[in-house]
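Construct the entire structure; sequences and hints are all you get.
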Amino acid sequence: MTDARPGTTPRSGIDFEALARDLKPLGNPTRLDLLHFLVRPHYLEEVASHLSMARQAAEKHVEQLVEIGVVRPQSGRREHGPVTEYVLVPQRLFAIGEEFGKLGVLRPERPGDDLERTIVTPVAAPARPGPGTAYLAMVHGMRIGAILPLTGKDAWTIGRDKDRDVVLDYDPFASNRHAEIVREGSTWSLVDTFSTNGTYLNWERLPRGGRSALSAGDVVGVGKTLLVFKV
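Here the working numbering is used: the first residue of the sequence shown is 15, the next is one more, and so on.
Hints may be right or wrong, so weigh each one.
[What the hints assert, rightly or not] Below, simulated EDC-like cross-link-like pairs (lysine to aspartate or glutamate); rule was C-alpha separation at most 20 Å, straight line:
| no. | residue 1 | residue 2 |
| --- | --- | --- |
| 1 | 176 | 194 |
| 2 | 244 | 198 |
| 3 | 74 | 99 |
| 4 | 74 | 60 |
| 5 | 244 | 168 |
| 6 | 116 | 218 |
| 7 | 38 | 73 |
| 8 | 167 | 194 |
| 9 | 167 | 198 |
| 10 | 167 | 179 |
| 11 | 74 | 47 |
| 12 | 38 | 99 |
| 13 | 116 | 29 |
| 14 | 74 | 59 |
| 15 | 244 | 194 |
| 16 | 38 | 113 |
| 17 | 244 | 218 |
| 18 | 116 | 31 |
| 19 | 244 | 232 |
| 20 | 38 | 93 |
| 21 | 167 | 177 |
| 22 | 38 | 112 |
| 23 | 244 | 177 |
To be clear, the hints were calculated from the coordinates, so they are not data collected in a lab.
Pasting the structure below:
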C-alpha cells in the first residue's frame, strides 16, 4: 500500500490499514485493563465484576478483543456448571506489537541494503549468575530483563515448545524447535535447528542448520526475540 499524502515516504512491509484496525480496540484503558486481567481465564460474570459494569457492557469489550484475536474463548467449568472462559492470546498481542514497532525501525542508508537493525537497549540484569557462569539475557521480547543461566549440561534448546530449555511460547515467529546453544569445552556455539524464519547472530542469518561460534556480548535473534550471550 502506498501513502499518497504529499511529502511523505511510503514505508514498505507495513499494512497500515490492518495495523490501525488492530490498534483501535486497544486504544481504550478499560480494554487494556481487561487484557491484564485475562492473563488467566475468566468467564463473563467475573469480567463484569472486575470491570464494575453490567454483563452486557463487559461482553462488548470482550468481543472487540476477540475480534482482533488477542483474546480467545474456551470451554471452562465452575461449581455451577460449564462456562465459556476468555483468555489472553500472548502470541497475537506480541505480533501486533512487532508490527507497530516497525514504525520505529531504523533503515540503512546504503541503497540496496535491506538489513533492518533493531536498537538494543541494555537492561539491568537481575541477579546476575556467579562469575564464569554463562547466561542469556533477554533484551527484546515479552520477558525483557529475564536471565537464563546456561548450566548443568552442554546443550540448551530454544523454541516455542514447552519442553525447550529457553521457552519462547509467546513469539509466533519462532519455530517450535528453533535453535541450540552448545558448549564444547571452553567454546560456545549457536546452532540453527532448521528453523522456518532463521536464526540470527549479530543480525546476520545463519545458514539453515548452520553453526557459528559465540562470544560474550553477541546478540542472538530467534523469531522476534533478542537474547544477549554473556559469560
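Consistency of the hints with the structure:
no., hint, result
1, 176 to 194, "holds, 15 Å"
2, 244 to 198, "holds, 16 Å"
3, 74 to 99, "holds, 15 Å"
4, 74 to 60, "holds, 14 Å"
5, 244 to 168, "holds, 16 Å"
6, 116 to 218, "holds, 19 Å"
7, 38 to 73, "holds, 17 Å"
8, 167 to 194, "holds, 12 Å"
9, 167 to 198, "holds, 10 Å"
10, 167 to 179, "holds, 11 Å"
11, 74 to 47, "holds, 14 Å"
12, 38 to 99, "violated, 23 Å"
13, 116 to 29, "holds, 10 Å"
14, 74 to 59, "holds, 13 Å"
15, 244 to 194, "holds, 15 Å"
16, 38 to 113, "holds, 14 Å"
17, 244 to 218, "holds, 19 Å"
18, 116 to 31, "holds, 14 Å"
19, 244 to 232, "holds, 8 Å"
20, 38 to 93, "violated, 36 Å"
21, 167 to 177, "holds, 15 Å"
22, 38 to 112, "holds, 16 Å"
23, 244 to 177, "violated, 23 Å"
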